[in-house]
Amino acid sequence: MAASSTTTIPPNSYYKAHISSSSISKLYSFSQLPFKLKKFTKTCPSSSGLSVSCTLTREASAVKMEEEKEGSDPALWQRPDSFGRFGQFGGKYVPETLMYALSELESAFHSLKDDLDFQKELDGILKDYVGRETPLYFAERLTEHYGRPNGEGPHIYLKREDLNHTGAHKINNAIGQVLLAKRLGKERIIAETGAGQHGVATATVCARFGLQCIIYMGAQDMERQALNVFRMRLLGAEVRAVHSGTATLKDATSEAIRDWVTNVETTHYILGSVAGPHPYPMMVREFHRIIGTETRRQAMEKWGGKPDVLVACVGGGSNAMGLFDDFVNDKDVRLIAFKRLSRLEGIIPALETSHALAYLEKLCPTLANGTKVVLNCSGRGDKDVQTAIKYLQL
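All the letters of the sequence shown, read from the start, carry residue numbers 94 to 487 under the working numbering.
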């Protein structure tokens with residue numbers, strides 16, 4: 094056995110490990126993930142001739158956070174570090190069975206997000222298959238509707254994510270995660286869905302790449318969203334009803350995780366919300382941030398500046414995160430997440446988007462003349478027509 098020496102490292106400190114080897118330098122010649130360690134064991138070369146060296150360095154972001162800790166806002170400590178990790182467990186409080194799969198996924202994501210070939214493939218599919226970029230549309234009649242009698246008022250723009258293939262923003266993340274799954278050699282895809290748009294997006298992408306697809310959906314949601322259930326099955330997905338608990342999204346997610354634990358070697362779980370164990374919140378954010386990136390560029394082209402106010406509905410958080418992320422550090426941009434478009438603009442929005450639109454009734458009277466408001470129109474309303482029929486007298 095190889096001899097070893099142990100160095101004690103201060104507790105609750107973050108480090109970055111760089112591992113190199115003369116015989117496998119090409120495979121391990123890059124910096125990997127941050128580690129929270131109490132001890133580091135340095136092993137001498139073994140009799141096999143494999144010489145491995147490991148150096149540890151403090152992660153700059155962690156040093157800065159510790160220096161600023163005194164007198165700072167406690168809420169800041171819930172924010173992730175530069176690798177997306179947060180909290181006591183790094184965002185991974187899950188069954189041990191899933192730890193390897195999550196670590197594998199995290200490593201692959203960090204490696205591929207800066208890989209030019211991966212990004213070229215992703216960008217090409219988003220452009221030619223999904224139909225990006227989506228328009229930033231000036232809602233002229235909506236602007237008039239919320240204007241003041243003297244003609245003043247905010248200018249309202251819609252980020253038209255409802256024009257994506259499948260009718261919502263969800264496909265941005267589904268495309269990215271399926272490409273990751275293919276790189277990891279996974280042939281079976283599972284997902285949870287509530288309103289059905291994430292399920293439809295996942296089923297669509299699996300059909301495009303020839304992967305087995307299983308969608309978990311609460312029994313109540315299946316009844317309410319029968320159209321999307323049919324669409325998923327038409328696309329070749331198996332839709333499994335979940336009757337436990339409240340028979341809605343929460344229980345569908347739990348059932349999907351049980352499946353993943355059982356089939357972790359062959360299966361990739363495409364989580365559609367900014368939730369779950371790390372690296373999922375980070376990945377969902379990264380694959381949806383194109384919404385905000387496009388919005389910033391389009392705003393500059395249209396009026397030569399940034400939006401003043403961004404509005405999005407929030408449930409699982411993916412569309413809000415996608416719109417907001419590029420503007421989080423802009424202190425002069427208000428970000429509003431909140432739970433009359435059809436006849437004024439000829440656009441039938443999803444019920445989720447309708448919640449954000451309803452908030453304009455309260456918001457617009459408080460805004461100065463010429464304020465630029467961008468609302469994320471996250472999905473179209475086809476899926477909600479049967480629900481709306483029950484409540485609207487037309």
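Check before you lean on any hint, since a few could be wrong.
[To be verified] Listed below are the simulated DSSO-like cross-link pairs for lysine-lysine, each with C-alpha atoms no more than 27 Å apart in a straight line: (1) Lys424 x Lys399; (2) Lys424 x Lys343; (3) Lys455 x Lys220; (4) Lys343 x Lys395; (5) Lys220 x Lys395.
[Stated by the list, open to error] Computed Cβ-Cβ distance ranges for the label pairs, DEER-style: (6) Ser200 x Asn462: 48 to 56 Å; (7) Trp396 x Ala300: 46 to 54 Å; (8) Ala461 x Lys395: 32 to 40 Å; (9) Glu237 x Leu277: 16 to 24 Å.
What the hints contain is simulated information worked out from the structure, not anything from laboratory work.
Just so it is clear, CB atoms sit at the ideal spot from N, CA and C, and this is done for glycine as well.
### Message
Looking only at beta-carbon atoms, does the pair Ala461, Lys395 fall within the given range of 32 to 40 Å?
### Response
19 Å, violated
Tell me if the straight-line CA distance from Lys424 to Lys343 falls inside 27 Å. 34 Å, violated
Return holds or violated for the Cβ distance of Trp396 and Ala300 against the range 46 to 54 Å. 40 Å, violated
Given a hinted range of 16 to 24 Å, is it respected by the beta-carbon distance of Glu237 and Leu277?
51 Å, violated
Assess, step by step, whether the Cα of Lys343 is no farther than 27 Å from the Cα of Lys395, and give holds or violated. 41 Å, violated
- Message: Tell me if the straight-line CA distance from Lys424 to Lys399 falls inside 27 Å.
- Response: 11 Å, holds
Is 48 to 56 Å respected by the C-beta to C-beta distance linking Ser200 and Asn462?
Given about 51 Å between the Cβ atoms, the range holds.
So if I understand the rule, the pair passes when the alpha-carbon distance is 27 Å or less; does Lys455 with Lys220 pass?
Violated, at about 36 Å.
key: 27 Å Cα cutoff - pair Lys220, Lys395   = 21 Å, holds
Taken one by one, the earlier hints fail for this structure at numbers 2, 3, 4, 7, 8, 9, listed in ascending order.
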